[in-house]
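> Listed below, chain by chain, are the residues.
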Amino acid sequence: MNATDKHPGGGQPPPDDPDAAMVAAVLDGDPEAYRVLVERYERRIYHVVYGMVRSPEDAHDLAQDAFIKAFQNLHRFRLESKFYTWLCRIAMNVTIDHLRKQKHRRHSEFDDSRSGGTGGQVVRLHSAPDDPAANVAQSRMFKTIMDAVDTLPDDQKQVLVLRELEEMPYKEIAEILGIPEGTVMSRLYYARRRLQELLADHRPS
Amino acid sequence: MNLTPLELSRLKAEDGLASSEDIDRVDQAGIDREADGLLRASIKAALRSNPPLEVADGVMRRIGSVPLPLGDAIRQEPHTTVADAVMASLGGGQASPIPVRQALTGEAGIPDALWPSIAAAVGADPGMHIGKRLRSEVEQESAFRAQVWLTPRRRWAVGGAALACAAAAAFLIGVGITNTPVGPAASAAISPILDAPVDIEELEVGMSSSVQVLQFGNDAPTIIFVSDDLEGAQ
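Quick mapping for you: the protein sequence lines, in order, are chains A and B. Residue numbers for the first sequence follow the numbering used here, beginning at 94 and rising by one. Residue numbers for the second sequence follow the numbering used here, beginning at -18 and rising by one.
In short, the hints are calculated from the structure, not lab data. You may find that some hints are simply not true.
As the list claims (entries may be wrong) - In silico lysine-lysine, BS3-like type, Cα no more than 27 Å apart, as pairs: (1) Lys264(A) / Lys25(B); (2) Lys236(A) / Lys194(A); (3) Lys236(A) / Lys25(B); (4) Lys(-7)(B) / Lys25(B); (5) Lys175(A) / Lys236(A); (6) Lys175(A) / Lys162(A); (7) Lys194(A) / Lys162(A); (8) Lys(-7)(B) / Lys264(A); (9) Lys175(A) / Lys(-7)(B); (10) Lys162(A) / Lys(-7)(B); (11) Lys236(A) / Lys162(A).
Construct the complete structure from the given sequences, taking the supplied hints into account.
Written as structure tokens, this is what we have:
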């Protein structure tokens, strides 16, 4: 299937949508125009996918797969919606498929039996770009946080990544994931509480 | 699972969407909103701490669009020749600025991501430089050990060594083969030829043999002449 096989299924693009012209150009037979879209969103998609898989190589491959899948299905994209939202949905689907197929799951260094956490614990990061020791501590803290994120159920992780990384509104996350807005909110809430529990004992010195 | 009103208020407070009523509810419950905010900031920072890899070239190749087609690049330079391109790459001549190198590297894409898969194929650690591994393998297989005068930095010394050998042989033939120590005399004779100081050290290793060591300098090769029967230098 090629992006140029069919024209989009109708709809008018938002007047201020910078992606619409590029999408139209690709659909009119200029695949090089797709590079603009890829370069515009590759970092964001990579980060979103990385937040889910935590492997640079997998994130690279999955981000690439998402862009290719989007290209192959571009004729299905309806111009009245945002290209990035649609692309992000594809990336999430590709990533979830990958995670489902992945037999090997990383072992968590966190004790699942740990309980407690009333929400009052504080996780503090001290930013000190000129202090090597502080940078090492910060890197360790980032790893600890990412390890904790990794223990979340995939559905909570999806919501968390889209909200914290992309700062997407609940409604857009709901649209991407195809779930009700209320479900987005509850998943996000429980994801944060879970992380608060896990990170309570990992405060940087 | 539905959120309670307090949980909903707390969520909105975390995301900066809370009304004053939400804030009051959260505060009355004794929840530390600052802690919630810091948690969120920490998660965000951690998620953004991973440097992205470029994916554009890979995507464009897979959808069949080559970033910088070599053919187009050449066609855009109608008056250039292969010789021009070669001269340009060598840095000489009045070559046309044909972007062959750029076109080739552009067509090949960014190679950084290739090594991990290559490393897996050759059984190497992805963090190890392939040149180092290949050199190690070659040395092991050939039983060859790197010789100082074969390193690129010292190739010049090979020429010097050959010249020194010729000079030394000529000198030894000229002065005859005797048991008389020849080091100082040889040095005096060879140095002007090479236009450089030459140390020749003669070692007595037996009644019927001698060893002569020629050293041109700290970075130059060492030349050793061994004479077994004093009838000829080897």
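> Which constraints among the numbered hints does this structure fail? Numbers only, ascending.
Checked against the structure, the hints that fail are numbers 5, 10, 11, while the rest are satisfied.
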